[in-house]
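A.B. asks: Protein chains in written order, with this note's numbering: chain A, 6 to 292; chain B, 61 to 443; chain C, 32 to 319.
Keep in mind that the hints were calculated from the coordinates and are not lab data. Treat the hints with caution; some may be incorrect.
Under 7 Å between C-beta atoms, here's a sample of chain C residues computed to sit facing chain B [stated by the list, open to error]:
1) Thr105
2) Pro160
3) Thr262
4) Asn269
Simulated pairs of lysine-lysine, DSS-like, Cα-Cα distance not exceeding 30 Å [stated by the list, open to error]:
5) Lys204/B - Lys238/B
6) Lys108/B - Lys292/B
7) Lys14/A - Lys129/C
8) Lys216/C - Lys14/A
These stretches of chain A come out as covered by chain C in the derived footprint (C-beta under 8 Å, 3 or more residues) [unchecked claim]:
9) 86–99
10) 115–128
11) 133–141
12) 162–170
13) 226–239
14) 244–251
Just so you know, even glycine gets a beta-carbon here, dropped at the ideal spot from N, CA and C.
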Amino acid sequence: MAGLSRGWKWLRRNALPIYACLAVAYMLIPIVVIAVFSFGATPKGKLTFGLDHGFTTEYWSSAFSLPDLNEALMTSLRLAALSTAISTAIGTMMALALVRHRFHGRRAANLLIVIPMATPEVVIGASLLSMFIYYSFALGFTTLLIAHVMFSISFVVVVVRSRLIGFDRHLEEAAADLGATPFATFRTVTLPLLAPGILAAALLAFALSIDDFVISNFNSGTTVTFPLYVFGVALRGIPVQVNVLATMLFALIAVAVCLVLWQQRRAERMAAVRPEREAAPIPAPAS
Amino acid sequence: MKSNGTQSRRGALTVSGVIAVLALALGLAACGGDTVGGGGNGEVTTAKGGPARGKLTISNWPGYIDPGPKGTVAEFEDKTGVSVDYIEDINSNDGFFGKLQPQLEQGESGGRDIFVVADYMAKQMYDLGYLQEIDHADLPTVFKTLLPSLESPGFDPERKFSVPWQGGMTGIWVDTSKAPEIRSVNDLFDPKYKGKVTMLEELRETPALVMLAEGVDPAKASAEQWLDAIDKIKAAADSGQIRKFTGNEYTEDLTAGNIVAAIGWSGDASLIENENAEWRMPTEGCTQWSENMVIPVGASNTAAALAWMNFVYRPEVAVDITEYVEYISPVQGVKELLAKRGSELAQSDIVFPTEKFTAKCTGQNTPPDLERVNEAWQEVLTG
Amino acid sequence: MGLKQRLVPYWLLGPGLLWLVLFFLVPMYFMGELALRSGTLTTGFTFDWAWANFPDSLSGHAEQIVRSFFYAGTATVLALLISYPLAYAIAFRAGRFKLLLLFAVIAPFFTTYLIRTIAWKTILSDSSPVVSVLQTLSLVPPDGRVLATSGAVIAGLTYNFLPFMVLPLYANLERLDLRLIEAAKDLYSSSHTAFLRVTLPLTMPGIVAGVLLTFIPAFGDYINALVLGGTQQAMIGNVIQSLYLTQRDYPEAAALSFLMMALILAIVVVYIRFAGTGAFMGDEEEAT
Chain A
6 MAGLSRGWKW LRRNALPIYA CLAVAYMLIP IVVIAVFSFG ATPKGKLTFG LDHGFTTEYW
66 SSAFSLPDLN EALMTSLRLA ALSTAISTAI GTMMALALVR HRFHGRRAAN LLIVIPMATP
126 EVVIGASLLS MFIYYSFALG FTTLLIAHVM FSISFVVVVV RSRLIGFDRH LEEAAADLGA
186 TPFATFRTVT LPLLAPGILA AALLAFALSI DDFVISNFNS GTTVTFPLYV FGVALRGIPV
246 QVNVLATMLF ALIAVAVCLV LWQQRRAERM AAVRPEREAA PIPAPAS
Chain B
61 MKSNGTQSRR GALTVSGVIA VLALALGLAA CGGDTVGGGG NGEVTTAKGG PARGKLTISN
121 WPGYIDPGPK GTVAEFEDKT GVSVDYIEDI NSNDGFFGKL QPQLEQGESG GRDIFVVADY
181 MAKQMYDLGY LQEIDHADLP TVFKTLLPSL ESPGFDPERK FSVPWQGGMT GIWVDTSKAP
241 EIRSVNDLFD PKYKGKVTML EELRETPALV MLAEGVDPAK ASAEQWLDAI DKIKAAADSG
301 QIRKFTGNEY TEDLTAGNIV AAIGWSGDAS LIENENAEWR MPTEGCTQWS ENMVIPVGAS
361 NTAAALAWMN FVYRPEVAVD ITEYVEYISP VQGVKELLAK RGSELAQSDI VFPTEKFTAK
421 CTGQNTPPDL ERVNEAWQEV LTG
Chain C
32 MGLKQRLVPY WLLGPGLLWL VLFFLVPMYF MGELALRSGT LTTGFTFDWA WANFPDSLSG
92 HAEQIVRSFF YAGTATVLAL LISYPLAYAI AFRAGRFKLL LLFAVIAPFF TTYLIRTIAW
152 KTILSDSSPV VSVLQTLSLV PPDGRVLATS GAVIAGLTYN FLPFMVLPLY ANLERLDLRL
212 IEAAKDLYSS SHTAFLRVTL PLTMPGIVAG VLLTFIPAFG DYINALVLGG TQQAMIGNVI
272 QSLYLTQRDY PEAAALSFLM MALILAIVVV YIRFAGTGAF MGDEEEAT
């Protein structure tokens, strides 16, 4: 009897983490499927999501044997990295301006940021293409980069802005009181506190870029990105190597994240004894 | 609050200012009354021949060539020294056209020297002035080995702008373990297969096959007859008889067992992991099609493009392509070479159909009053 | 305020605004101009103030618009319900696994939209064990299917847009000071009330951002309907795609796109009025 109520109590207290694990498992289901089927043998090397022919590791050993696929993947990664860097920087600056300052044209600026998100990708892609053609601008990596940054900015702004709202200004005021210049305050107080929001925005921008198909399709010229490659081969059979590389990429980044975490823990343990704080800084005093 | 009021007034002023500027710009454009597009501007150029060198860029459908270090592309590169950028980015004729149209309009090739598109699309591009003409003198091998039946097709009677790549037939794929009796397109409308049937989304395939099954000749049908066939299909879609309109995805559904039959293409055997699936020629006939190599305007390396065309028409090269792709080769002598290799494909009706086999088949027909018919068909596709 | 101070917002906004004006507004202008033309690809598109294109493009497509609204709306609500507790857990209970969990949320994007939607198609295929389980649970009729139904499309939309909901929620929740909740509890409120009166209002900006970031792209999506849907699930995105690429009726495609954008903006404006302008526009004093 006591065991049961203790069990129930444990469940109640840990309901949230358990739910989180379930939710994350749900997110990862297709990835598991993709990974599993990268080991499936198929007669012509085309993906069939069926395991009738048994297991094989041959696609893993020949993972890099499709030069087109490799090139497409590298292009996508480069594009996403650059696009993320540029759009996160620009977007964060915009979010700061919009939340922290009052100025003419604020509403117009807000509107301009929301509208791209409301536009169907086909329209953005096609209209950009028309403009590039009109000005005889060569299609390729550059036009892709321009397009990717363009559609990422709005998302970055929205995410960073939601973090900025309710941001406690008193810490910055305290820093100023202690003689810090505005720039130093920004660098040492604002930016670190804003970091999670910026990180979330950057992750989103990266994901958007690496995954984009419609807009890239219109503006790529002869450059092939990973989604374009996949969409292209899906018609006649996706080579299993696609699954292999996707799984590898995922695993690589998982390992990188784990390394970062491990490094963090080591740094914390080696630093002076200081209690772990996850709560936000001092709230505004009641006025 | 006063400042808010001022702000919103200023905001309103800014917005109206922007609108005024836009209106002015539009007005200026209207005064021009300009027309964009319409094609057919400028004379048609002929592709220049010459020694092949440099870089060649080809756009093709995926899985349409034998790949790898021993494949046709590698062989060509070895023999001629031309470096080939072979891109498999054509998923649909319309999609590819839509993507390239703005550049072709301006006389640019989109960076490609050859595309491979369906016959009706080749004709459409040619009519719009997007293609270069080909001088037969530059293609000796092609016109020596080209199958006679392909020398003078309806859409390009003098082979001025197109050279066949591979051909195929559209019929019915049937899962013989679940629905062995299906032999005609009419069988697909049988309620006992409700929700277990798919059809292709091509205007020139599905409605044409339905018309054939009704005894109407698609090559001569009126717009009304096309619309009637489309109505019949729409009713079936609305009632849930037809599960989906597909491009190539019907192969996945057949493999997964989601459907018992599909209108599909003859060469897709390699994509269907289902030993019970078999391609059948509908009793009333099929539609035949071929994909063609064309050279766009503004292509930079036409000499290499022409050399490529000659190269793939050599029977010993063509046989490699057909053996991998399993579609119909336009080159004479391929069947014999395959038989010598002991390949089963040599006996296949699908890869080497006889005149008798395709007696009732029709080609890719464009309906009269195309816009109206196409619009009605799109309504069906988009539910 | 000194001149330099006053110019700061403009410097900050400058690059972004310039980028958006050059690469969004200008192309939009070209598209708007296209919407007012009439003609076909073969005859050419003439500019003749063809305002009729706008109502014409709507006729016959009302069904798809309503359907898109329904699918996107349902997917957004489901995403919110799934994501809020998840974001909360990541922000407050994850400890050192925060980054890992965030990564797990983003991870699906590395496999490309098409592949993971196809993976779902396999998981939900008629003969799969998952569907059998659903049939035994009576969530699906005994001889029914999951694929090629509205349910599949909504499930696909929800799944694919979850990160768009989780990330803004997380970014905002992370700012939440747990001590405010403790204070509420000290004042004898139940967890339930504390959530409703303290947590929820404070996290409104995150919810607003997440809802908008999810609903808007979901509304214009066409891949889920394409892969997971049947003949009756086409969304407005599929219609525009078809108009543009298959029918090549550029003026109608452009007109419909503008109308769609206007509709979405109207919904956004109404939603923001409802959720509180401050929460979205970023006026800190108004966000309560």
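A.B. asks: Now tell me, hint by hint, if it's right for this structure.
C.D. replies: A quick look at each hint next to the structure:
no., hint, result
1, Thr105, "18 Å, violated"
2, Pro160, "13 Å, violated"
3, Thr262, "4 Å, holds"
4, Asn269, "5 Å, holds"
5, Lys204/B - Lys238/B, "46 Å, violated"
6, Lys108/B - Lys292/B, "49 Å, violated"
7, Lys14/A - Lys129/C, "25 Å, holds"
8, Lys216/C - Lys14/A, "19 Å, holds"
9, 86–99, "holds (count 4)"
10, 115–128, "holds (count 13)"
11, 133–141, "holds (count 4)"
12, 162–170, "holds (count 9)"
13, 226–239, "holds (count 5)"
14, 244–251, "holds (count 3)"
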